[in-house]
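A.B. asks: Protein chains in written order, with the working numbering: chain A, 57 to 259; chain B, 838 to 1054.
It should be emphasised that the hints constitute simulated quantities derived from the structure, not laboratory data. Among the clues, some could well be false.
List of simulated lysine to aspartate or glutamate pairs, EDC-like, C-alpha gap at most 16 angstroms [as the list claims (entries may be wrong)]:
#, chain 1, residue 1, chain 2, residue 2
1, A, K179, A, E228
2, A, K148, A, E197
3, A, K179, A, E121
4, A, K148, B, E875
5, B, K925, A, E105
6, B, K925, A, D102
Listed below are the residues making up each chain.
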Amino acid sequence: MNGTPHVLNRILVGILGLLMMASGTLFVLLAGVPAVAQWWRNWSSDAYEHAVYLAEQTRIPGRQESWLWVAAAAIMVILIVLMVAWLAQQGKGRANLIVADYEDETTPGEVQIGGAVAEQALKAALAGRPDLAAVTVVTYEVQGRPGLRVRVHPRQGVSPQLLAAEVSGLVEALDTVVGRRTPVLLHIAGGARARFSKAERVR
Amino acid sequence: MSNGTSTGTPGQETQPLAESSAPGAPTDPGIRTILRRETRSSRALAAGAAAVLVIAVCVYGLLESALRAIGQQPWLIDPQTAAERLVKLPEGISPLLLGATGAVLAMFGLVFLLNAVLPGRRARHLLEDPRVAVVVDDEVIAAALARSARAAANVTQEQVMVVVSQRLVVVNVRPTSGVPVHEQRVQSAVEDELRAMSPSPMPAIRVNIAVSGVIGA
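Just chain B, same shape as in the assembly:
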């Protein structure tokens, strides 16, 4: 879901990483839990917002009931009056205001609910390593793939755009006008880099060569 943009250094590339998964850390259940947690959103932000909201409502409720208990004037509305007005609700307020308030409330509720229910997968992939647990932001993968694509296509950094999502890598190349780009070469270069990286889950690769070229690159 993240996108990385083009980048590049021409030059040497990739000795493949040892794919032997040594018995040890990565199969450790603790490490597996960590990796599972790292690829999911923690919802700390939504949780913080929800907690602050509930605290604010409670503090206000306490304030008003305390004012009532000591027989002072209410600040905004007396709890009893509030309850009475809530009971005969469609009256005493313009339907437009009531509807708008309800819509806003429902919208924020929906945001919270979706936040809780959706998988919340982060734009990250896992790498195999015998010792440490490795998570990589998709942006970093995109930048690395863009560099190899750029080297293979022999174009500048701005002419390559790579978008990495969970199961698909899209490589967009805009060739320099008059200089043909070999799609096959770009494809195999990106494939080599991705195979050396071997992220999990392994995405498929799609290379798009733009029909129109760039002048003066």
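So that you can see chain A by itself, here it is in the shape it has in the complex:
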């Protein structure tokens, strides 16, 4: 439900994986197959000579070094910045407002309703239930609209459909309070918190 870029992640991780696999395979072949070693020596010495030639051509006037080094350093800096930007995309998308522009004839100006209203209301409504081990409610921005993610950790053996129906009722009540239907994702989660809590005995 958050803004993690799924497709971008797949593409970039795939590219890195391909590069790593290709170089790893090349190393293994170099170590194991003499024919490949022969080919590599021819190819790479050609490439190296070409690089040296290029470096000669691109020398900074009045200095020994080629500006290719500067270019390489700049590319690496850009790469680092891009990678940090990519990291920052993971799991983003938290929002503060559940309703941003409320059109209401009786109210002059604009009404904003914070996400904490919905979060606190749902949490309070679900608190103290014996069949739930934990509840988290978070506001996210989904495709430009605010949405709620409700994650409940039921105890072992709770029927998810009953839980979903009850939470659905609560959300409908919240709709009438807020006056706006926000998209809601209910995640009924398992995991350690549910597994190590004791099973619900009486219902």
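With the hints as your guide, set chain B onto chain A.
C.D. replies: Only chain B this time, still in chain A's reference frame:
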């Protein structure tokens, strides 16, 4: 792919959920996108590892080229020497070390590649609801089915094991020694619970009653 284990409360069960899919939220394209995303892995972990790896390599490269630019001693290896050694590679390093390095590199590459290419489906099912979009971990479904199976078979919590995967639910029951378990009854109890739940995709049910029983349960 997830497995839930047995659990149980004997007792009442399941009024079926209203199956009317009211026009509204679940058919909302935004909600559908959310649900599709929620049932797939985001690869945030692999992405983070990849980014950190690339950053580390770049920082090291920058350090070495900076050391070279200001005419200092290299820290580990000078970029030019590195390039020269790379060019005449099979020489200057033991083939065993080179092969092992390559194998490790290729293995991590394969892990990344598979991470990117495989569908990465999470062990989750969707539930129908008129208002909210509902995803359920398979573990929760397994626990609920285990409870109804346990009630139908009249055994303890430890004697029932339910494994839920995308298209199949396997219910394993070990009866108490000397007390027969009616497979049909377990099957119909689990079926009723699953029908009331109506997860999508709807899995098939297979019930296995163990041949040997448990003593003293």
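A.B. asks: Each hint should be assessed against the structure and marked as holding or not.
C.D. replies: So, going through the hints one by one against the coordinates:
1. For the given pair, K179(A) sits about 15 angstroms from E228(A) by alpha-carbon distance, which is consistent with the 16 angstroms threshold.
2. Note on K148(A) and E197(A): the hinted pairing holds, with a Cα-Cα distance of about 9 angstroms set against a maximum of 16 angstroms.
3. Distance hint between K179(A) and E121(A) is unfulfilled; the C-alpha atoms sit about 64 angstroms from each other, more than 16 angstroms.
4. This hinted pair checks out: K148(A) and E875(B) have alpha carbons roughly 15 angstroms apart, not beyond 16 angstroms.
5. As the CA atoms of K925(B) and E105(A) are separated by approximately 13 angstroms, the hinted pair is consistent with the 16 angstroms bound.
6. A C-alpha spacing of about 11 angstroms is found between K925(B) and D102(A), which places the hinted pair at or below 16 angstroms, so the restraint holds.
The structure fails hint 3 only (numbered hints given earlier).
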